[in-house]
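Let's have the full structure, built from the sequences with the hints guiding it.
Residue numbers for the sequence shown follow the numbering used here, so the first one is 1 and each next one is one higher.
By construction, these hints were calculated from the structure, which means they are not laboratory data. Don't be surprised by glycine CBs; every beta carbon is placed ideally from N, CA and C.
The following label-pair restraints were derived from C-beta to C-beta distances: (1) Phe15 - Ile126: 40 to 48 Å; (2) Pro42 - Val88: 17 to 25 Å; (3) Gly39 - Ala96: 38 to 46 Å.
Under the rule of at most 25 Å between Cα atoms (straight-line distance), these lysine-lysine pairs were calculated in the DSS-like manner: (4) Lys136 - Lys123; (5) Lys41 - Lys123; (6) Lys4 - Lys60; (7) Lys4 - Lys41.
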Amino acid sequence: DAIKGGLAAYLGLVFFGPWGGLAGGILAMLGHTFNPWFGFKPSGKGVASGFGIICVLMPKVMLVSICVFIVVVAVSRFVSLGSVLGAVTVIIMALAFREELPNIIFALIAVSLIVFRHIGNLKRIINGTEPKFGQKQAKDNKK
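Given below as structure tokens:
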């Protein structure tokens with residue numbers, strides 16, 4: 001999924017410039033998150049494809065974001081929390097590094113999608129029912 005997202009962003013960037021990278025990235029994330037092969041029902045949460053896209057569009061931003069993800073997961077053992085906080089870091093770092101406007105727009109859209117797709121996980125963290133990294137996941141916690 002990361003390769004798929006990164007390749008879409010890369011091809012868009014090479015052939016159409018920064019706005020093409022934005023378009024390729026958004027389309028890859030939407031295709032990953034609402035897969036047409038599954039009837040556009042919500043499937044992935046966009047993190048893996050988003051990772052690949054950000055690696056291509058904003059590699060410095062991704063380095064900081066992946067560090068946040070690793071630290072949050074190491075401390076909390078919640079992969080979903082690490083994913084959300086790592087994603088939010090993308091927006092903050094895109095602004096801090098003064099990325100181009102298409103990249104900032106992509107970050108806003110991608111992070112909004114990732115946070116939206118993780119609402120159930122965040123509710124389970126608050127309720128104390130979200131499995132931690134390494135724990136077996138109960139059948140009713142999959143969504």
